[in-house]
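Participant: Listed below, chain by chain, are the residues.
Number of protein chains: 2
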Amino acid sequence: MSVIAKFYARAAALNSFVCVGLDTDLAQIPARFQSSTTPQLDFNRWVIDQTAPYAAAFKINTAFYEARGSAGWVELEQTIAYLRANHPSILTICDAKRGDIGSTSAAYARAIFDHMGFDSVTLNPYLGRDALEPFLSRGDKGCILLCRTSNPGSGEFQDMPVGGMPLWLWIGEQISRTWNGRHNCMLVVGATYPKEIERVRAVVGDMPFLIPGVGAQGGDLEATVRAGLTPERQGIIINASRSIIYADDPAIAAQQLRDDIRSIITKL
Amino acid sequence: MSVIAKFYARAAALNSFVCVGLDTDLAQIPARFQSSTTPQLDFNRWVIDQTAPYAAAFKINTAFYEARGSAGWVELEQTIAYLRANHPSILTICDAKRGDIGSTSAAYARAIFDHMGFDSVTLNPYLGRDALEPFLSRGDKGCILLCRTSNPGSGEFQDMPVGGMPLWLWIGEQISRTWNGRHNCMLVVGATYPKEIERVRAVVGDMPFLIPGVGAQGGDLEATVRAGLTPERQGIIINASRSIIYADDPAIAAQQLRDDIRSIITKL
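Keeping their order, the protein sequence lines are chains A and B.
54 is the number that the numbering used here gives to position 66 of the first sequence; each next residue is one higher, with no gaps.
9 is the number that the numbering used here gives to position 21 of the second sequence; each next residue is one higher, with no gaps.
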């Protein structure tokens, strides 16, 4: 089963498109976890076990583990190992935004896909397809490529007009036409730009979108869901990180997001 | 002293623009190191001590450490600690190609600049300036932004025409005009494209270039040096990784590269 099929099976079973982002920042987790010898792992296990009934995917942002050095890297490994052992049907995303020349990308692919066993990874397309081939060639894994990012200034280069369209749309189309021979590509499009999600959807067929920005970043959920869905009512992986994991009750926050998405889809 | 001034002081003292790239791949290091319990650290110390007399900079490629998981991350930390303790006058570059939204970039900046203490980091500009502000705001550190990468397919998006010029040139110019308020920016331009190095140099003033691609990737050293030098005969950080560290004698390989660059400059 491809990792995209794995995501859709889980999404259908739960009627959920929610991805829980484990952006676990030591400074922001509750005090009772901060005093642990493995604070990020303990916090993650607590969040994972509560939110798993509503989660079609978990996304781990490597930055917050690297910030603690090798100690954080150990807990990153322990977190993905915990997910694989206890929730093997949930898509795992390594949010690392990798992108380097081929020999270096091969080392990153080993690290993320083989050593840690993530299902998928976020990638930066700026270097071009040849550089990312060690990821793209892995039909057993997923490649989630930055298209239109959610930050306020993302238009600085992404909006540059090329060939009669903005660069982000050109890149999305090029990926869908020429990078996706193994049907393992997905795109990152930010919920802070729902009109642009709609334009990407119009040119890339049914490729799944990883959509950050509905929580702390303030993206419009209804506009996002409407813009991102495929005609088959699939194609969206809606990520929320801070708004779920730092909620008083992460389970309720995840359930609420699942239900909000459901009711938007039901109304269509 | 800014990290760019640190590099120039070292370069002047040694009459060298050589950067030694520690792309330490466990599968490629000599067997006597592979059997160590800290193989990457031991190999790196051996390479560093031999090549330091010719090295104005050391560049550590994080991928090859991540490929071993947390054990590799420990040896990455030990390697940068070794450099800081034993060779504090040599510029250190974390070659990690980072680029994410602001809150995530802040975590990476903590990891790379503060936790590990690197002088500088390579960054991907695709997300725009606001996303990289946690790096750019650090006047005490260096930000080395991808402009024209050395891989064969780098033109796929980088060559797209925008505003009457290729995207790589637009990005280089934009960085020099609007991102470099703290005079801490540098650019990555590949030695595999010397004509393009010349075009970037013509628009960005004296900003230093980190230039990969002269070793195993086959870039033309003479054309590269001529294209990259500023009128003051500065501005180039010439990286070689595999061709130095896997040479039978890394010291001779580093010295040879230093001397080859010197004689090209002397002839000008």
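Where hints are given, some of them may not hold.
The list makes no distinction among identical chains, and a pair is therefore deemed to hold if it is satisfied within one copy or across any two copies.
Unchecked claim - Derived SDA-like pairs: lysine to any residue, alpha-carbon spacing no greater than 25 angstroms straight-line:
id, residue 1, residue 2
1, -6, 65
2, 255, 26
3, -6, 253
4, -6, 143
5, -6, 102
6, 183, 90
7, -6, 205
8, 183, 34
9, 183, 150
10, 183, 148
11, -6, 17
12, -6, 167
13, 183, 118
14, 183, 76
15, 255, 147
16, 255, 24
17, 183, 70
18, 255, 75
19, 255, 103
20, -6, 105
21, -6, 77
22, 255, 76
23, 255, 3
Please keep in mind that the hints were generated in silico from the structure rather than gathered at the bench.
Participant: For residue 183 vs residue 90, is the C-alpha pair at or below 25 angstroms within one copy, between two copies, both, or neither?
Facilitator: This pair counts as between: shortest inter-copy Cα distance 23 angstroms, intra-copy 34 angstroms.
Participant: From the Cα coordinates, with 25 angstroms as the cut-off, is the pair residue -6 and residue 253 best called within, between, both, or neither?
Facilitator: This pair counts as within: shortest intra-copy Cα distance 21 angstroms, inter-copy 58 angstroms.
Participant: Is the C-alpha distance from residue -6 to residue 105 at most 25 angstroms within one copy, between copies, in both cases, or in neither?
Facilitator: This pair counts as within: shortest intra-copy Cα distance 15 angstroms, inter-copy 41 angstroms.
Participant: Is it within, between, both or neither when you check residue -6 against residue 17 at 25 angstroms Cα-Cα?
Facilitator: Neither, since 30 angstroms and 39 angstroms both go past 25 angstroms.
Participant: State whether the alpha carbon distance between residue 183 and residue 70 is at most 25 angstroms within one copy, between copies, both, or neither.
Facilitator: Answer is neither; intra-copy 37 angstroms and inter-copy 50 angstroms both fail.
Participant: At most 25 angstroms between alpha carbons: which applies to residue -6 and residue 102, within, between, both or neither?
Facilitator: So residue -6 and residue 102 pass the 25 angstroms test inside one copy only (18 angstroms; across, 39 angstroms).
Participant: Taking 25 angstroms as the upper bound on the Cα-Cα distance, should residue 255 and residue 3 be classified as within, between, both, or neither?
Facilitator: within (15 angstroms within a copy, 71 angstroms between copies)
Participant: Under a CA distance limit of 25 angstroms, which applies to residue -6 and residue 205: within one copy, between copies, both, or neither?
Facilitator: Result: close neither inside a copy nor across copies, 28 angstroms intra and 39 angstroms inter.
Participant: For the identical chains here, do residue 255 and residue 24 meet the 25 angstroms Cα criterion within one copy, between copies, both, or neither?
Facilitator: Neither: 45 angstroms inside a chain and 63 angstroms across chains, both beyond 25 angstroms.
Participant: How would you classify residue -6 and residue 167 at a CA-CA limit of 25 angstroms: within, between, both, or neither?
Facilitator: This pair counts as within: shortest intra-copy Cα distance 21 angstroms, inter-copy 42 angstroms.
Participant: Please sort residue -6 with residue 143 into within, between, both or neither, judging by C-alpha distance up to 25 angstroms.
Facilitator: neither (33 angstroms within a copy, 34 angstroms between copies)
Participant: Reference check for the pair residue 183 and residue 148, CA-CA at most 25 angstroms: within, between, both, or neither?
Facilitator: Close inside one copy (17 angstroms) and across copies (24 angstroms); limit 25 angstroms.
Violated hints, in rising order: 2, 4, 7, 8, 11, 14, 15, 16, 17, 18, 19, 22; the structure is consistent with all others.
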